[in-house]
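Those protein sequences? They're chains R and Y, same order as listed. Its first residue numbered 197, the first sequence is counted upward by one per residue in the working numbering. Its first residue numbered 24, the second sequence is counted upward by one per residue in the working numbering.
By construction, these hints were calculated from the structure, which means they are not laboratory data. A virtual CB, placed ideally from N, CA and C, is assigned to each residue, including glycine. Hints should not be assumed to be uniformly reliable.
[Unchecked claim] Anything over 10 Å on all C-beta distances counts as not near chain Y; from chain R, calculated:
{"#": "1", "residue": "Val-656"}
{"#": "2", "residue": "Glu-807"}
{"#": "3", "residue": "Glu-926"}
[Said to hold, decoys possible] With the Cβ distance kept under 7 Å, some of the chain R side facing chain Y (calculated, not the full set):
{"#": "4", "residue": "Leu-469"}
{"#": "5", "residue": "Arg-651"}
{"#": "6", "residue": "Ser-654"}
{"#": "7", "residue": "Arg-672"}
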Amino acid sequence: MTVAERRTEPAEPLHRRLGLTDDELDAIRDRLAGREPNELELAMFSVMWSEHCSYKSSRPLLRTLPTAGQGVVAGPGENAGVISIGDGLAVAFKIESHNHPSAVEPYQGAATGVGGILRDIFTMGARPIAVLDALRFGDPADARTRHLVDGVVGGVGGYGNCVGVPTVGGELVFDPSYGGNPLVNVMAIGLMEERLLTLAAAPGPGNLIVLFGSTTGRDGIGGASVLASATFTDDETSGRWLAGASPRPSVGRPPARSKRPSVQVGDPFAEKLLIEASLELIERGLVEGLQDLGAGGITCATSETADRAGTGILVDLDAIPRREPDMEPFEVMISESQERMCAAIRPDRSDAVREVCERWGLPVAVIGRVTDDGDIAVVSAGSEIARVPARALTSDAIVHDRVATAPQHRRAAPAPGVPLDPSDRLPERGMDPGAVLLRLLGSPNLASRRAVFERYDSTVGSDTVVGPGRGAAVLRIKGTTKALVATTDGNQAVGSLDPYLGAASSVAEATRNVAITGARPLGVTNCLNYGDPTRPEAFWQLREGVRGLGDACRALGLPVTGGNVSLYNESQAGAIAPTPEIGVVGLLDDVTRLVGPAFVAVDDVVLLVGEATPGLSGSAYAALAGTAVEDGPPALDLAREAALQGWIRDAIGRGLVASAQDVSGGGLAVALAEGAMWGEIGARLRVATTTSPAVELFGESPSRLVVTARPRFAPALALLARQHGLPVEELGIVGGDRLVIELVGAGATGASEERGSRIADALDVPVRDLRHAWDHGLGRALGWEADA
Amino acid sequence: MPVRIGVVVVPGSNCDRDTIHALAAAGAEPVVLWHEQASLDGVAAVILPGGFAYGDYLRAGVIARFSPVMRAVGAFAVGGGLVLGICNGFQVLAEAGLVPGALLRNRGLRFLGRDVTIAAERLDTPFTHALAAAGRPLRMPIAHGEGCFYADDPTLDDLERDGGVLFSYVDADGTRPADDDRATNPNGSLRAIAGVIDQRGTVAGLMPHPERAADAILGSEDGAGIIRSLVDSAARAANGSPVALGAR
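Construct all of the structure, not just a fragment, from the sequences and the given hints.
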C-alpha cells in the first residue's frame with residue numbers, strides 16, 4: 197500500500213471508492229425514494245452508472261444521431277443493429293471497444309473484446325460470420341508498443357480462430373498519441389433469418405430467468421467502473437502488479453491499486469459452445485428474450501432486460517453457479533466472467549432449454565423469475581438483500597451535462613506530423629518523388645498488414661471473397677447471389693486538427709470504401725474513442741465528433757444502428773487523438789460484379805474522379821515530413837461525397853468499371869501504386885499540377901477515386917461522372933512493369949521548388965520495387981523481420 | 024440417390040458447416056455424426072473437419088481421439104472405410120494413429136492463415152483421382168498453429184518411397200521448396216509434406232482446407248477436385264465397388 201493510499205483510504209466514503217461522485221450518491225438516494233442504498237445496491241449502481249454502462253456523458257449527444265433508415269429492424273439500444281437484406285435475411289453488426297483491458301493485459305483484453313462483440317451478435321439470433329479489428333498503438337519502435345501489438349494480435353487471433361469466425365479486415369494505425377493508451381475496437385457481423393430476431397428483453401411476469409454458459413467467478417470485478425471508466429495512471433499499465441498478490445476485494449475495496457484483476461479472461465471454446473447453444477435455442481423458439489453478460493454482469497443483464505420489457509426480475513443469488521467458493525453477493529452480481537448468457541423463458545420450456553445447454557456441455561441454472569414490480573430484487577438464504585428499480589439502473593441512470601470548450605489555438609497548432617521515427621524525415625528539398633513514394637509505402641501506417649493478418653484465420657466459414665489487406669472485406673451469402681461488404685475506418689490525423697471533420701471524414705471514407713466495390717452501404721456503427729469527458733476540451737472533441745458523425749450520416753442517407761463510446765482514453769502521456777472509428781456494412785446484389793482496387797488489364801484507361809483541395813495537414817506525407825506542413829486539413833464536401841458514391845455505384849452497375857480505389861492515406865500516388873502492385877501491372881500517367889507536386893501526389897483530399905476502365909467504356913464513364921457533377925481527369929493507361937507519373941503544368945517545375953516543395957517532377961518506379969517496400973515495411977517497423 | 028458422407032462434429036469443430044456445404048455442392052448427402060454417438064449411421068465415408076476439437080487447449084486432437092465417435096471411426100477405417108481428415112481432423116487422425124506422423128507447432132510458433140499451393144503426389148487414390156494432373160499446383164488456404172508435419176527419418180523415407188505422401192507444399196510453378204523456404208512451406212513441415220495417406224490407401228489427412236477452395240467466387244476451385252474424388256469414391260463404396268484404387 198502506498199503512503200497516499202494509507203492516508204486517504206479510511207477517510208474515503210464507500211461510494212467514492214466505487215467511482216461514484218457525491219452528486220451521484222444523492223441521485224441514487226433520489227431513485228430509491230430517499231432511502232440510503234446498502235452496500236450491494238451501491239455496488240450495482242456503481243457498475244450501471246459507470247460511463248461504460250450508462251453513457252452518462254454521451255447520451256444527450258448520441259440522441260442527435262439519425263437512426264431511421266431503409267430496412268432497419270433493430271437500432272441503437274439493442275445489442276447490435278440489424279438491417280434487412282431481402283430473401284428473408286438480415287445482417288446484424290456492431291463495433292465495440294476493449295481499450296483499457298488491452299492496455300493492461302493485451303492478449304486477454306483483445307480476446308475478450310472479440311468474445312464480447314460476438315455475443316452481441318448472436319444474442320440477436322444471428323450467426324457471427326466476420327470480425328474486423330481496428331487497432332491503434334504508439335511508436336512501433338517502442339518495446340512496450342511491440343509487446344502490446346504482439347499480445348493484442350495474438351488475442352484477436354487466438355479467440356477468433358478458435359470460435360471459427362474469420363477476421364476479415366480492420367485497421368492498424370500507429371500514432372504517438374496512443375503510446376500510453378492503445379485502442380482495440382472490434383466489429384462483428386452476423387447473418388440471420390429475419391424471423392429469428394431476438395431482443396434483449398425479459399417479458400412476461402412468471403417467466404424464468406436462465407443463466408447458461410460459463411460459471412461465475414471473481415474475474416472482471418469492476419471492469420466497467422474501475423477499469424473502463426477512468427483514466428490510467430502509470431502504475432496500472434506498467435506491469436508492476438507482478439510484484440505482489442492483489443488483496444482480496446470487498447465492497448468498496450475493488451482491486452484498485454492494480455487493475456489487472458479487473459481484466460476478464462476469455463475461453464473461446466466456451467464461446468463456440470455458447471454460439472451453437474444460443475442459436476439452437478432461438479431456432480427452436482425456446483427463448484422469449486436473450487441477453488449476453490458483459491460489463492456489469494448479472495446486474496446489467498437483468499436490469500436492462502427487465503427495463504426494456506417493463507418488468508422486474510427476482511434474482512435467486514444462491515442459484516447462480518460459481519467457479520470459486522465464498523464469493524460475496526456483490527462479486528456475484530457484478531462479476532464480468534465471460535461466456536455467459538441470460539435468457540427469459542416460459543416455465544414449460546425449462547426442460548427443453550436444459551437439454552440443449554447440457555448437450556453442448558454448458559452449465560445451466562434457473563436463477564430467477566420475471567416479476568411485475570419493475571424492480572431488480574436479490575434474495576439469498578431466504579432474505580432479500582437488494583431491491584432497486586430496474587429503470588433506475590438503466591434508462592433512468594444519471595445523465596451529466598458536461599462542459600465543452602473549444603481549445604483556443606486549435607487551428608494554429610502544428611500538424612500532427614511528428615514523425616514516428618526522426619530518421620524518416622524527408623530531406624529539405626529536391627527529393628525524388630519515387631523515393632518519397634517508396635518511403636510512404638514502407639511506412640508503418642501504409643505498408644502491407646500481412647504480417648499481422650496472417651495470424652488470423654480469415655477464410656473459415658468459406659464465405660471470404662475478399663479478406664484483409666485489399667480495402668473493404670467481401671463475404672458471399674451462400675444460397676444467394678449477394679455479398680456483404682464491410683470496412684472500418686477512423687481518421688485520427690484529421691480528427692486531431694478538427695474533430696468534427698475527423699468524424700465526418702471517417703464516415704465518408706468508410707462508406708466510400710464500401711461503395712467502390714459496387715455495394716450499397718446499409719448502415720453505420722461507431723466506436724467513439726475520446727478522452728476524459730470531465731475535461732471541457734475532451735468533451736468538446738466528443739461533441740464535435742458526434743456532430744460530424746451525424747451530419748455525414750444524414751448527408752449520405754445512412755442510419756446509425758448502434759455503437760459504443762469509450763472515454764477516459766488518457767494516460768500520463770496525455771489524451772489520445774480523437775478517434776471516431778466507423779464501421780460500415782454494405783450489400784452487393786450480385787457478387788460476380790464485384791469491383792476491386794487492383795488494375796486489371798493492359799490498355800485500361802486510368803481516370804481520376806473528384807477534385808483536390810490544397811492541403812497536406814493530417815496526411816501521411818506530413819507525418820513523414822515532420823512539422824513543416826501547417827496548412828489546414830483538407831475540406832470535405834458531403835454533397836460531393838454523396839454524388840461520388842452514387843456515381844461509382846451507378847457506373848459499376850452499368851458494367852463500366854474495371855477497378856476502383858479511393859484516394860486516402862498517402863494520396864494519389866499511393867492509390868495508384870496500390871492499383872499497380874495488387875494488379876501486378878504498371879501504368880504510364882500524367883498528372884496536371886496546379887499547386888505543388890507534393891500536394892498533387894501525396895495530398896489526401898477526400899472524395900476522390902482512381903478508376904480504370906476498358907478503353908471503349910472510358911468515354912461513357914467520364915460522361916456519367918460529369919452528369920453526376922464530378923470533375924474527371926484522364927491520367928493515362930495501364931501497362932508495363934513500372935509506375936510512371938509525369939507532373940505537368942504550372943506547379944510542376946522549379947517554380948514549386950521555389951515555393952518550398954521538396955520533390956522533383958517525375959516518378960518512375962518498377963512495380964516490383966513498390967511491392968518490396970510495401971511488403972516489408974510493417975515487419976521491419978515492428979522488429980519482426982530484419983532490415984534488408 | 025446421393026451418397027451419404029458423415030461429417031464428425033465434436034464441440035469445437037468449426038469447419039463442419041463449410042465441409043457440409045462443399046459436400047452438398049459436390050452432390051453428396053452430408054450426415055452429421057455427433058461426437059457422443061458410437062455408430063456411423065451407415066455412411067459411405069467420413070470427414071473429420073477442421074476446428075479446435077474440445078478446445079484443443081492441451082494439444083491439437085489429443086482429446087478428440089478418445090471420443091465415442093472416434094472409436095467408431097477407427098473401426099470403420101480398419102475395416103477399409105474412407106476417412107479424410109482436414110486440418111484439425113488430420114491432427115486427430117495422427118493422434119489416433121490412423122495415419123503416420125505427427126503435427127507439431129508451426130516452425131515460426133505462430134498461427135498462420137494464408138493461401139498455399141500444394142501438389143498431389145498421387146492421382147490413384149480415393150481422394151485425388153478426380154484431380155486433373157499430378158504435380159499441378161493446387162491453391163487453397165491453410166489456417167493452423169500446429170501443422171508442421173513430423174516423423175523420424177526412416178518413417179519419412181518409407182512414406183516417400185511407398186507413396187505415403189499424398190500432398191506436398193510446392194511453389195506456384197510446382198517446384199518442391201528448399202528446406203528453409205517458409206514462403207512455400209510456411210509451417211516448416213518435414214519433406215514439405217502437406218498431407219499423407221495410410222498404407223491401405225483409404226485414410227488420408229491434409230492440413231490445407233480444400234472445402235474453402237471449392238467455389239470460383241472464393242478465388243480457387245482447386246479444392247473441389249479433392250472433395251469430388253471423395254464423393255465419387257464413396258459412391259463406389261456404397262455400391263460395393265472397390266475404393267482403394269492404389270493401395271501401397
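Do the hints match the structure? See the list:
no.	hint	in the structure
1	Val-656	6 Å, violated
2	Glu-807	35 Å, holds
3	Glu-926	31 Å, holds
4	Leu-469	6 Å, holds
5	Arg-651	5 Å, holds
6	Ser-654	5 Å, holds
7	Arg-672	6 Å, holds
Checked against the numbered hints listed earlier, the structure breaks hint 1 alone; every other hint is satisfied.
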